[in-house]
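A.B. asks: Take the given structure of chain A and dock chain B to it, following the hints.
Protein chains: 2
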Amino acid sequence: MHIKDRYPTRMRQHIEPFVRPDPVVYGGADASNAGPLTAGQLASFEENGFLFLDNFLSEREVDGFLDDLEGYSRDRSVLDREETVTEQHTDVIKSVFAIHNLSPRFERLGRDERLLGMAQQLLGSDAYIHQSRINNKPAFRGTGFNWHSDFETWHSEDGMPYPRCVSFSIALDDNTEFNGPLMLIPKSHKVFVPYTGETPPQNWTQSLKSQTVGVPRAGQLKELAQRGGGIVAPKGRRGSLLIFESNTLHASSNNLSPFPRRNLFFVLNSVENKLVAPYCGNRPRPEYLATRRDAVPLHSGMPSERQPVRAQGSFLKEPAAAQVPRQ
Amino acid sequence: MHIKDRYPTRMRQHIEPFVRPDPVVYGGADASNAGPLTAGQLASFEENGFLFLDNFLSEREVDGFLDDLEGYSRDRSVLDREETVTEQHTDVIKSVFAIHNLSPRFERLGRDERLLGMAQQLLGSDAYIHQSRINNKPAFRGTGFNWHSDFETWHSEDGMPYPRCVSFSIALDDNTEFNGPLMLIPKSHKVFVPYTGETPPQNWTQSLKSQTVGVPRAGQLKELAQRGGGIVAPKGRRGSLLIFESNTLHASSNNLSPFPRRNLFFVLNSVENKLVAPYCGNRPRPEYLATRRDAVPLHSGMPSERQPVRAQGSFLKEPAAAQVPRQ
Numbered sequence: 001m002h003i004k005d006r007y008p009t010r011m012r013q014h015i016e017p018f019v020r021p022d023p024v025v026y027g028g029a030d031a032s033n034a035g036p037l038t039a040g041q042l043a044s045f046e047e048n049g050f051l052f053l054d055n056f057l058s059e060r061e062v063d064g065f066l067d068d069l070e071g072y073s074r075d076r077s078v079l080d081r082e083e084t085v086t087e088q089h090t091d092v093i094k095s096v097f098a099i100h101n102l103s104p105r106f107e108r109l110g111r112d113e114r115l116l117g118m119a120q121q122l123l124g125s126d127a128y129i130h131q132s133r134i135n136n137k138p139a140f141r142g143t144g145f146n147w148h149s150d151f152e153t154w155h156s157e158d159g160m161p162y163p164r165c166v167s168f169s170i171a172l173d174d175n176t177e178f179n180g181p182l183m184l185i186p187k188s189h190k191v192f193v194p195y196t197g198e199t200p201p202q203n204w205t206q207s208l209k210s211q212t213v214g215v216p217r218a219g220q221l222k223e224l225a226q227r228g229g230g231i232v233a234p235k236g237r238r239g240s241l242l243i244f245e246s247n248t249l250h251a252s253s254n255n256l257s258p259f260p261r262r263n264l265f266f267v268l269n270s271v272e273n274k275l276v277a278p279y280c281g282n283r284p285r286p287e288y289l290a291t292r293r294d295a296v297p298l299h300s301g302m303p304s305e306r307q308p309v310r311a312q313g314s315f316l317k318e319p320a321a322a323q324v325p326r327q
Numbered sequence: 001m002h003i004k005d006r007y008p009t010r011m012r013q014h015i016e017p018f019v020r021p022d023p024v025v026y027g028g029a030d031a032s033n034a035g036p037l038t039a040g041q042l043a044s045f046e047e048n049g050f051l052f053l054d055n056f057l058s059e060r061e062v063d064g065f066l067d068d069l070e071g072y073s074r075d076r077s078v079l080d081r082e083e084t085v086t087e088q089h090t091d092v093i094k095s096v097f098a099i100h101n102l103s104p105r106f107e108r109l110g111r112d113e114r115l116l117g118m119a120q121q122l123l124g125s126d127a128y129i130h131q132s133r134i135n136n137k138p139a140f141r142g143t144g145f146n147w148h149s150d151f152e153t154w155h156s157e158d159g160m161p162y163p164r165c166v167s168f169s170i171a172l173d174d175n176t177e178f179n180g181p182l183m184l185i186p187k188s189h190k191v192f193v194p195y196t197g198e199t200p201p202q203n204w205t206q207s208l209k210s211q212t213v214g215v216p217r218a219g220q221l222k223e224l225a226q227r228g229g230g231i232v233a234p235k236g237r238r239g240s241l242l243i244f245e246s247n248t249l250h251a252s253s254n255n256l257s258p259f260p261r262r263n264l265f266f267v268l269n270s271v272e273n274k275l276v277a278p279y280c281g282n283r284p285r286p287e288y289l290a291t292r293r294d295a296v297p298l299h300s301g302m303p304s305e306r307q308p309v310r311a312q313g314s315f316l317k318e319p320a321a322a323q324v325p326r327q
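Chains as they are written, first to last, in this note's numbering: chain A, 1 to 327; chain B, 1 to 327.
Note that these hints are calculated values from the structure, not bench results. In this text, all values refer to a predicted model and were calculated from it rather than measured experimentally. Some hints could be false.
Just some of the chain B residues that point at chain A, by a computed CB distance under 7 Å [said to hold, decoys possible]:
id, residue
1, Arg6
2, Phe140
3, Glu177
4, Phe178
5, Ala218
6, Leu221
7, Ala251
8, Leu256
Note that beta-carbon positions come from the ideal geometry of N, C-alpha and C, so glycine has one too.
Extracted from the complex, chain A is given alone in its bound form (with noise of 0.2 Å):
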């Protein structure tokens, strides 16, 4: 047991939601003077919780990752890592993690500056890869994921202490209506809704194909979409970026469209917000689900000691306002 658990979650009596007590955008009032992100994308950041950039990648380098996702696939040595998670009973991929130590390609894209320039802005310290991999929802079959908080799960099962921690999802497919999109629920982040109940041991290799613990009631997930004015699902091309902050809340549905959905995912974490033990008392999950021995900052130089990476590119678009649905 942790002293001044500042998150307490899985525990066998009831916790209320509660105001996060730390911050959301930690580089400070002048980050925009550091990096990528304009004063305004801080902010909406902060307020909701995610940013969505579309024309991120371009189609060449879109066309790279699903080189390397059909080349895995063909692969027996990829299909049988510990790593390669398959559809029950099949080889078609599902996920394919850590791939920063299997794909040269995503080892470049995770020193790409504008990349680590909006992480530093958003963390305020270097960051390192907590978690990354290449996801495959497969068309007509690809199963979705219920509500969650990502940090809900990293701080009781990997022992991450605080949500200083940014998630990234680039669509390697259009993201439309009817191939599963992630949906998040805007300024959720602000609030950390403790889960009741003891977590299970291994709880991992089952929370990877059906999330149960960890899943807030219906009523409280109903409280914080009539608060944060519903439900959104960014659109977009092939290419765009989707950050959002470790506690917002999202889920997706499943894919029933005739097309597959990929993308890439991966998690950059302070070299300020390093795991400790695992709060929930278990033990820590696998290395490839949670950095824990190679948490290497993934630039050298602080961002006081780097060139800024200036706007440039059709990314630095303001997102789209969120989408609100009549209900």
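C.D. replies: Positioned in the frame of chain A, the structure of chain B alone reads:
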């Protein structure tokens, strides 16, 4: 075994999809003189296999049906009916079948001149209720259903001879992209996709929860979606009406929104298309899934003998253009 079954399906041997040998609109070229649907709407239904009409029921009428549903959920005698399907291990209603026998409000709706006029235009004859129900897809946990043609099931399991049958779905909640709205593949009604494999006895006890028998293969769905221009999911306010042809492929996703999705669903079959013995060779399904004994025409007069019901009110405006995803 029937002689000359024009829609062979559920056989052990594979049969390729084929173009439907029967008409879509049976009312003939001058049907637009005989009812509320315009020539343009009839042509659109013929071409796409569905029509979407916003503002069909008033807010007040919708509230009435929601009151009924609310009442059912507190009425032990309704909950205990065989025709009432609840979520597993709960009393939360998923569907109440055969509501035309239960609800005076629905019984009146089933005699609505606008509805009957449209049915008669499309079917070219009087119609009776083949199936009716009120559906509830609860917030956060309502489940969807896989792609299928209703006619494929009704033909094989209920003995419906031809696709001369239309379904009406009236939204009791706004349809949004988040609450699992009905999705359709435009133009798919023109092709019949035989299913390979025999029908298990009492298949309906499984298929009402999750349909697998009768579901086209992924490659077939993809080809039909590409031919038809993608997938559409008509959106509209509560009270909107979706009419779709019995062979139009449709599906729906889970409801991951904080709000329920409730609707009225009923099927009007031509009196010249009454059920015979099930083509799959099994025993008939229960009467509440497929009217057999009580196939009473909803209107005693044939269209030619009636006062034509002409366009009135905003529900007759042209449906929005099909939404084609950018894939």
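A.B. asks: With reference to the structure, classify each hint as holding or not holding.
C.D. replies: Evaluated hints:
Look at Arg6 (chain B): its Cβ only gets to about 27 Å from chain A, farther than 7 Å, so that hint breaks. For Phe140 (chain B), the interface hint holds, the least distance from its beta-carbon to any beta-carbon of chain A being 5 Å, beneath 7 Å. Interface restraint check: Glu177 (chain B) against chain A, minimum CB-CB distance 4 Å, threshold 7 Å, status holds. Among the interface hints, the one on Phe178 (chain B) holds; its C-beta lies about 5 Å from the nearest C-beta in chain A, closer than the 7 Å criterion.
With its C-beta approaching chain A no nearer than about 5 Å, Ala218 (chain B) sits inside the 7 Å limit, and its interface hint holds. For the restraint placing Leu221 (chain B) at the interface with chain A, the shortest Cβ-Cβ distance is roughly 6 Å, inside the 7 Å limit, so the hint holds. Taking 7 Å as the C-beta cut-off, the interface hint given for Ala251 (chain B) holds, the closest approach to chain A being about 5 Å. Because the beta carbon of Leu256 (chain B) sits about 5 Å from the nearest beta carbon in chain A, less than 7 Å, this interface hint is met.
In this structure, only the earlier hint numbered 1 is contradicted, and the remaining ones agree with it.
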